[in-house]
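*Asks:* In case you want the letters, here they are:
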Amino acid sequence: MQKEKVYPGFAEAVADIPDGATVMIDGFGGAGGMPEHLLLALRDHGAKELTIIGNTAGLGGTFGTKPAVHYVDPSILVENGQVKKAIASYPFSPSPSRPTIFEKKCLAGEAELELVPQGTLAERIRAGGAGIEGFYTPTGVGTVIEKGKEKRVIGGKECPLELPLRADYAIIRAHKADRMGNLVFRGTSRSFNAIMATAARVTIVEVDEIVEPGQLDPEAVVTPSIYVDRIVKRPEAGG
Amino acid sequence: MKRRLDRQTVAMRVAKEFQDGDVVNLGIGIPTLASNFIPEGRQVIFHTENGALGFGSIAPEGEEDIDLINAGGQFVTRLPGICFFHHADSFAMIRGGHIDITVLGGLQVSEKGDLANWMSPERGVGNIGGAMDLAVGAKKVIVAMDHTARDSQPKIVRECSYPLTAKCCVDLIVSDLAVIEVIPRGLVLKEIAPGWTVDEVQALTEPQLLLAEDLKEMDL
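Protein chains in written order, with my numbering: chain A, 1 to 239; chain B, 240 to 459.
Isolated chain A, as found in the complex:
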């Protein structure tokens, strides 16, 4: 028998995340793909000194256009003093007059930041999940990004060496899961979710719907069950 992956609630699913853990959190920048309930549970759980890896460190509603959709993002962890460090490509508000909570903490020296180009961030996560211990990319050459990195000239292009990213936990969101943990996504909400699932020791996914094995088209599965450890169903809309 396969281990039961479906958890009864969000609190149970994050209960063992310890202080000092590294946590990958999806969410490109909008409401889509954001594991809102897992974030709320992690805030309530209270693990501290976290290193969070994601595209943003929580933009707190400063990103995107009308109509504004209210959603929960990693800002709630930052606000609650749980985040020691963020590894991100877009951690600051797009509008300087409305700084994010992370921005204020970062400038006050209360949170560390490793700023990474978005494609390098994605590939470092992919590499982490795929057992690739480094790769060379021309992205960032001649910029602050290459600082302190080994460089090689390959095919006439100067390339800094980038190292993989791995995490203790990934908290992600998908559209549907079967009980085995196979996942399908909706639209642009696949983004970092599908790669983060591969790069964490424990992957916890929040989904709209859980179905029985056999009910997902195997040709349409994006994330194979091998990458998924815990599944929690979101409450119905409005719940």
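Hints in this document: simulated from the structure, not taken from any laboratory. Everything numeric in this text was worked out from a predicted model, so none of it was measured. Errors might be hidden in some of the hints.
Claimed, not checked - Only pairs whose alpha carbons sit at most 25 Å apart, straight line, appear in this in silico BS3-like list of lysine-lysine: (1) B:LYS351 with A:LYS147; (2) A:LYS84 with A:LYS105; (3) B:LYS351 with B:LYS455; (4) A:LYS48 with A:LYS105; (5) B:LYS351 with A:LYS157; (6) B:LYS379 with B:LYS255; (7) A:LYS147 with A:LYS157; (8) B:LYS255 with B:LYS351; (9) A:LYS157 with B:LYS379; (10) A:LYS157 with B:LYS378; (11) A:LYS151 with B:LYS406; (12) A:LYS233 with A:LYS176; (13) B:LYS406 with A:LYS149; (14) B:LYS406 with B:LYS378; (15) A:LYS147 with B:LYS406; (16) B:LYS351 with A:LYS151; (17) B:LYS351 with B:LYS378; (18) A:LYS85 with A:LYS147; (19) A:LYS85 with A:LYS105; (20) B:LYS351 with B:LYS379; (21) A:LYS157 with B:LYS406; (22) A:LYS176 with A:LYS3; (23) A:LYS151 with B:LYS378.
Since the structure of chain A is already known, use the hints to place chain B on it.
*Replies:* For chain B alone, kept in the frame of chain A given last:
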């Protein structure tokens, strides 16, 4: 004071660069506006970093879908043939040279085509997002920006003083005053906004501009 082109007009001029069938990635700001001005008879396929190829216009009110946004967080629509993929695939397309044109905003462009667009030193922090990957990976990099900064200082400079996004990456600058091509010898002034002279544009540009043989007024 002379009139400069407004943002919409700059975006319209940018869009004339799109050829039929091009795969195009648009940055936030003026670049995004270019999607409203695709020349008639041409089909352009839009790519977005967050994992879609072939999306349509901005979503009409009431039809916004949180699972369908562009890289600027705007709600967009589906076109027949749209497809979705994860972030590592999306940037494989970018770095792998599969994107024909990217249009980015700019804070400074140097005469060698270096681009600085992610951090203004006054703010002290900045988002890199996908800009560094797009600047090195796209086949053609167009920068759409105002010709000068708010304090009237040139944004087209000999050497960028702001933190770089990428070196020697810019192919074309479309500003509110001119269209300038970057070639190994320097910057070639190709088009000028209506009502402006070469000397006036040069005065607002730090490096010496080369003049295109067919230098003309922008056709708007």
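*Asks:* Run every hint past the structure and note whether it holds.
*Replies:* Status of the hints after comparison with the structure:
The suggested pairing of LYS351 (chain B) with LYS147 (chain A) holds, with an alpha-carbon distance near 22 Å, which does not exceed 25 Å. At most 25 Å may separate the alpha-carbon atoms for a hinted pair to count; LYS84 (chain A) and LYS105 (chain A) meet this at roughly 10 Å. At roughly 23 Å between alpha-carbon atoms, LYS351 (chain B) and LYS455 (chain B) fall within 25 Å of each other, so this suggested pair holds. Taking the CA atoms of LYS48 (chain A) and LYS105 (chain A), the gap is about 15 Å. The hint holds against a cut of 25 Å.
At most 25 Å may separate the alpha-carbon atoms for a hinted pair to count; LYS351 (chain B) and LYS157 (chain A) meet this at roughly 17 Å. Only pairs whose Cα atoms come within 25 Å are accepted, and LYS379 (chain B) paired with LYS255 (chain B) is accepted, the gap being roughly 14 Å. A C-alpha spacing of about 17 Å is found between LYS147 (chain A) and LYS157 (chain A), which places the hinted pair at or below 25 Å, so the restraint holds. For the proposed pair LYS255 (chain B) and LYS351 (chain B), the alpha carbon gap of about 24 Å is at most 25 Å, so the pair holds.
Distance restraint check for LYS157 (chain A) and LYS379 (chain B): the Cα-Cα separation of roughly 17 Å lies within the 25 Å cut-off, and the hinted pair is therefore satisfied. For the proposed pair LYS157 (chain A) and LYS378 (chain B), the alpha carbon gap of about 15 Å is at most 25 Å, so the pair holds. For the hint linking LYS151 (chain A) to LYS406 (chain B), the alpha-carbon distance of about 16 Å falls within 25 Å, and the restraint holds. The hinted pair formed by LYS233 (chain A) and LYS176 (chain A) meets the criterion: a straight-line CA distance of about 9 Å does not exceed 25 Å.
Under the criterion of a C-alpha separation no larger than 25 Å, the hint pairing LYS406 (chain B) with LYS149 (chain A) is consistent with the structure, at around 17 Å. Of the pairs offered as hints, the one joining LYS406 (chain B) and LYS378 (chain B) holds, with about 14 Å between alpha carbons and a cut-off of 25 Å not exceeded. The hinted pair formed by LYS147 (chain A) and LYS406 (chain B) meets the criterion: a straight-line CA distance of about 15 Å does not exceed 25 Å. Proposed proximity of LYS351 (chain B) and LYS151 (chain A) is supported: the alpha carbons are some 22 Å apart, at most 25 Å.
Our distance criterion of 25 Å between C-alpha atoms is met by LYS351 (chain B) and LYS378 (chain B), whose separation comes to about 17 Å. The hinted pair formed by LYS85 (chain A) and LYS147 (chain A) meets the criterion: a straight-line CA distance of about 19 Å does not exceed 25 Å. For the given pair, LYS85 (chain A) sits about 10 Å from LYS105 (chain A) by alpha-carbon distance, which is consistent with the 25 Å threshold. Of the pairs offered as hints, the one joining LYS351 (chain B) and LYS379 (chain B) holds, with about 15 Å between alpha carbons and a cut-off of 25 Å not exceeded.
The straight-line distance between the Cα atoms of LYS157 (chain A) and LYS406 (chain B) is roughly 12 Å, inside the 25 Å bound, and the hint therefore holds. Note on LYS176 (chain A) and LYS3 (chain A): the hinted pairing holds, with a Cα-Cα distance of about 19 Å set against a maximum of 25 Å. Between LYS151 (chain A) and LYS378 (chain B) the alpha-carbon distance is near 23 Å, which keeps this suggested pair within the 25 Å criterion.
Hint compliance for this structure: every hint is met.
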